[in-house]
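Per my numbering, the sequence shown starts with residue 71, numbered consecutively.
In case anyone wonders, no lab produced these hints; they're calculated from the structure. Be aware that a few hints might be false.
The calculated BS3-like cross-link candidates involving lysine-lysine, where the alpha carbons are at most 25 Å apart (straight line), are [to be verified]:
#1 K262 - K217
#2 K172 - K262
#3 K172 - K258
#4 K157 - K251
#5 K84 - K251
#6 K158 - K251
#7 K251 - K172
#8 K172 - K157
#9 K217 - K84
#10 K262 - K251
#11 K158 - K84
#12 K157 - K259
#13 K158 - K172
#14 K172 - K289
#15 K158 - K262
#16 K172 - K84
#17 K289 - K84
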Amino acid sequence: MTWKQVFTSSVGKKLVMGFTGIFLILFLIVHAGLNACIWAMDGGEMFLHAAHFMGSNWVPRILEIGLFAGFILHIIQGYLLTVENRKKRSVGYAVAYSDGSKWYSRSMGLLGTLILLFLIMHMSHFWFPNRSNQGFLLGPEINLYEKMQTEFSVLWVVILYVVGCISLAYHLAHGFQSAFKTLGVHNKKYNKSLTAIGYGFSIIVPLVFAMMPISFYFKWV
């Protein structure tokens, strides 16, 4: 398969979706772990140390470029596959669905769009303000813990974040297993284990993210 076919053929697009999907899954694990530092009950000290390291160390910054590339590829290929599958009167990008398929398996395009809107809101709240002040040229380093306290004191913001996390949960419920199926890892020998891991992941990680705004709103942290 040529590089052109990787990005233009149906099989190539599915492979790109699979690889970028797994890459983004790894990112979610790291991101959830770092965000969980807010529950250290130390006034945000552990979280701020982690945030400072991720924002000032050159290794995470280089990996950040790959992360953005992964997001962009995943979004573009997902959109192209959604359009392609609609033309074929089939929804989804990794398996042929039967009449008994789950609704979220048939709604990956919609869920992906909701997640993209959520991601834009999330970045506008935290990533862009922090990066625009990187190097602290515009004043003191932004205290992300205090910023979360401020942002998540507004009920409608908390609700939108929770809705975004629910969308992520359903997207992962299908996407986790679909990525492995696309790459040929999902077979009879590993079927049950991967399915269980996929559902567990799609619940635990979005739940961690959803509990952040809820915890700040109710002042549990």
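Taking the hints in turn, this is what the structure says about them:
Between K262 and K217 the CA atoms are separated by roughly 42 Å; this puts the pair beyond 25 Å, and the hint is violated. The hinted pair formed by K172 and K262 meets the criterion: a straight-line CA distance of about 17 Å does not exceed 25 Å. Distance restraint check for K172 and K258: the Cα-Cα separation of roughly 20 Å lies within the 25 Å cut-off, and the hinted pair is therefore satisfied. Restraint check: the Cα-Cα separation between K157 and K251 comes to about 23 Å, which is no more than 25 Å; the hinted pair holds.
Of the pairs offered as hints, the one joining K84 and K251 holds, with about 10 Å between alpha carbons and a cut-off of 25 Å not exceeded. Restraint check for K158 and K251: satisfied, since their Cα atoms lie roughly 21 Å apart, inside the 25 Å limit. Taken as a hint, the K251 and K172 pair is honoured in the structure, with Cα atoms around 16 Å apart against an allowance of 25 Å. Proposed proximity of K172 and K157 is supported: the alpha carbons are some 20 Å apart, at most 25 Å.
Taking the CA atoms of K217 and K84, the gap is near 39 Å; set against the 25 Å cutoff, the hint is violated. Distance hint between K262 and K251 is fulfilled; the C-alpha atoms sit about 13 Å from each other, no more than 25 Å. This hinted pair checks out: K158 and K84 have alpha carbons roughly 15 Å apart, not beyond 25 Å. At most 25 Å may separate the alpha-carbon atoms for a hinted pair to count; K157 and K259 exceed this at roughly 34 Å.
Only pairs whose Cα atoms come within 25 Å are accepted, and K158 paired with K172 is accepted, the gap being roughly 19 Å. Taking the CA atoms of K172 and K289, the gap is about 37 Å. The hint is violated against a cut of 25 Å. For the suggested pair K158 and K262, the alpha carbons sit about 30 Å apart, so the restraint of at most 25 Å is broken. About 20 Å separates the Cα atoms of K172 and K84, which keeps this hinted pair within 25 Å; it holds.
Restraint check: the Cα-Cα separation between K289 and K84 comes to about 43 Å, which exceeds 25 Å; the hinted pair is violated.
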